[in-house]
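Residue numbers (my numbering), protein chains in the order written: chain A, 713 to 1015; chain B, 108 to 425.
A hint or two may mislead.
Simulated coverage check for chain A against chain B, where a stretch passes if three residues somewhere in it have a Cβ under 8 Å from a Cβ of chain B [said to hold, decoys possible]:
id: 1; stretch: 779–791
id: 2; stretch: 847–859
Chain B residues, not near chain A, derived (Cβ > 10 Å throughout) [claimed, not checked]:
id: 3; residue: 112
id: 4; residue: 161
id: 5; residue: 165
id: 6; residue: 189
id: 7; residue: 191
id: 8; residue: 214
id: 9; residue: 251
id: 10; residue: 252
id: 11; residue: 289
id: 12; residue: 322
id: 13; residue: 335
id: 14; residue: 393
id: 15; residue: 407
id: 16; residue: 412
id: 17; residue: 413
Don't read these hints as lab results, they were simulated from the structure.
Here a beta-carbon is modelled for each residue, glycine too, at the ideal position from N, C-alpha and C.
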Amino acid sequence: MTDITADPGSAPLGPAAGGAVAVAAPTQRVAPALWRLLLRRPTFLVGAAILLFWVVCAIFGHSFAPFNPLAQQLLSSNAAPGGSHWFGTDPLGRDVLSRVIVGARDILVITPLATVLGTILGTALGLAMGYFGGLLDLVVGRIVEAVLALPAVIIAFLFIVALGPSTTTLIIVVGFIFTPLIARTVRAAVLTERHLDYLSAARLLGEKPARVMFAEILPNVLPAILVEFTVRLGYAVFAVATLSFLGFGVAPPTPDWGADIAADYPGLLAGYWWQTLFPALAIASLVTAVNLITDSIEQVLNA
Amino acid sequence: MATFLLRRLGLMILTLWIVSLIVFFAGQILPGDPGRAILGPFAAKSSVDALDTQLGVNRPLLTRYLSWIGGVFHGDFGTSYTYRAAVEPFVRAALINSVKLALLAFVIVVPLGIIGGVIAALYAGRAVDRIISVTGLSLATVPEFVSGIVLIVIFGVELKVLPVTAAAGAGAGDLSQFRHLILPAIPLVFVLFGYIARMARAGTIEALNSDYARTAILKGLPRATVIRRHILRNSLLPTITVIATQTGYLIGGLVVVETLFNYQGIGNLIFKAAQAKDFAMLEAGVLVIGVVYVLATLAADLLLIALNPRLRIGASHD
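This is chain A alone, in the form it adopts within the complex (with noise of 0.2 Å):
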């Protein structure tokens, strides 16, 4: 991974997160000073190597794994670690490391798509809410409350059994829980923004709703929003890895970090601790770098 951080200038984000960041560049003139600042945080830099080199594995994992992943050896299964096999085989004789490389797939395409749908419905709901008030604000904030009465995975899994599990579904399912949750921290900037004089003028301006929420509002909140994606893609990490663990992520036999770990823990009592251990820290390591560069962003947007 040193190749990776040998470069810290050109290192990009994630393609989910840059993207947030390009967004604020147009209308604001804080992006580049944000990158300045953030290239010289060694948390953010540590954080971004190790999701670069995840998603980095999901895209070209299937070309640099050692082995089929797929590929079933039966007669060296359960083998150690060691030799030609590094992270040793699962129960089926399937190279543990080539899973875990090729297993970054499905988790790093549904997190960022799940929760960018989460940011985008719920930046609109929450402007909505802190823009008009009244009637909505009252109705989606008790419906908020009502989600957060329930634990997100619990929701999740509700909705896949009745929907029926798949990919699409567990984005979808995923960015709708988001939603709400999204919309309460965007509709409170908001608040924080609506007795400005800039949006006093605005109205007396005669300008239509809509535009005075996503042009001038929006550009305001940005950071804000920022943040909360950067929160709950860390949020989405953790529920996606968790109901793939609980079998409602992708089908067998497909690689995939939650899956194998559900598939092989049983094997941890007969002491094949490495079926299990190298895809959980797979998904911790993906965590983590998530929240360092959630913390860095934040330490950043807060200086």
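With chain A fixed as given, assemble chain B onto it according to the hints.
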């Protein structure tokens, strides 16, 4: 004061009503044809129709909702398709098991989180603070099954000091039950630690910057006394709210932990019901979780009012 409490109670009932609508929608409307969903695509049309009639899903939606929610008020959560018996005893037994596990997690995490948060606040901006904050945040988002597996490997498989299943055998003593619950409780502790520490940190920093803290320091009180008498008493109030709101997430975590450690709690019950498409059991489990969460939040509100005289006065003006 009374109006404040009445308003809280009203909002609570409203929240629960919306929760019940969400559960009803997901459990009874989204699956389309529950008979088909339960029996699978290859079942005969006649048996699907028979099951639908037995489940009562051919009736109008409003009738179905009213009869479901009416039953709930009488403690009748419907009939489990899997067990062909009333759902309620299963939910009750599972809930009691989960409460044991959750209580143990809380007993460990609450003091730990508060101490961590206060230390972070006292060293705000320095390395200790960054380490506690980032560790807390990371632990909070590492799924319980990940930390659970790492713990099983270390303590159960390598060191062999703790049992790796949550359920002690039948007739096991309290101490043995307790030992079995330690390992499952730790992943829950990890997830909650970050939130509690974060709130305790924020509350302490606010109290440290307050006028009364400055006065206490300037009048020459020892630092330890200022922290104990003036800072902690004020900083810990918001933490109580967070602890209550985390109850819901704790139960979410129970699904995973109870599955991983094979413990017969409410999380495991919901998970198995979801796998078996046992919608009555699933709805009952999720609804119970919503009720527990709302009650915990209400309890936290009442505790806050009891502990903070300013809120009592403020509330009467509300």
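These are the hints, each one checked on the structure:
Judged by the Cβ-Cβ criterion of 8 Å, the stretch 779–791 of chain A is not covered by chain B as claimed, because only 0 of its residues qualify and three are needed. Counting residues of the stretch 847–859 of chain A whose CB lies closer than 8 Å to any CB of chain B gives 5, so the stated coverage by that chain holds, three being the minimum. Distance check on residue 112 of chain B: its Cβ is at least 17 Å (rounded) from any Cβ of chain A, clearing the 10 Å threshold; non-interface status holds. Non-interface call for residue 161 of chain B relative to chain A: holds, since the shortest CB-CB distance, roughly 20 Å, exceeds 10 Å.
The beta carbon of residue 165 of chain B sits about 18 Å from the closest Cβ of chain A, which is more than 10 Å, so the claim that it is off the interface holds. In this structure residue 189 of chain B is separated from chain A by more than 10 Å, as the shortest Cβ-Cβ distance comes to about 14 Å. With a least CB separation of 20 Å from chain A, residue 191 of chain B remains clear of the 10 Å interface cut-off, as annotated. No Cβ of chain A comes within 10 Å of the Cβ of residue 214 of chain B; the nearest lies about 21 Å off, and the non-interface call holds.
Consistency note on residue 251 of chain B: stated as away from chain A, yet its beta-carbon is not over 10 Å from all of that chain's, at 8 Å minimum. A Cβ of chain A approaches the Cβ of residue 252 of chain B within 10 Å, the least distance being about 5 Å, so the stated non-interface status is violated. For residue 289 of chain B, the condition that its CB be more than 10 Å from all CB atoms of chain A holds, with the nearest at approximately 17 Å. Every CB of chain A is more than 10 Å from the CB of residue 322 of chain B (nearest about 28 Å), matching its label as outside the interface.
The claim that residue 335 of chain B lies off the interface holds: its Cβ sits roughly 29 Å from the closest Cβ of chain A, which is beyond the 10 Å cut-off. Listed as a non-interface residue, residue 393 of chain B fails to keep its Cβ farther than 10 Å from every Cβ of chain A; the least gap is roughly 6 Å. With a least beta-carbon separation of about 13 Å from chain A, residue 407 of chain B lies farther than 10 Å from that chain, consistent with its non-interface assignment. Non-interface call for residue 412 of chain B relative to chain A: holds, since the shortest CB-CB distance, roughly 19 Å, exceeds 10 Å.
Every beta carbon of chain A lies more than 10 Å from that of residue 413 of chain B, the smallest distance being close to 23 Å; the non-interface claim holds.
Hint violations for this structure: numbers 1, 9, 10, 14, all remaining hints satisfied.
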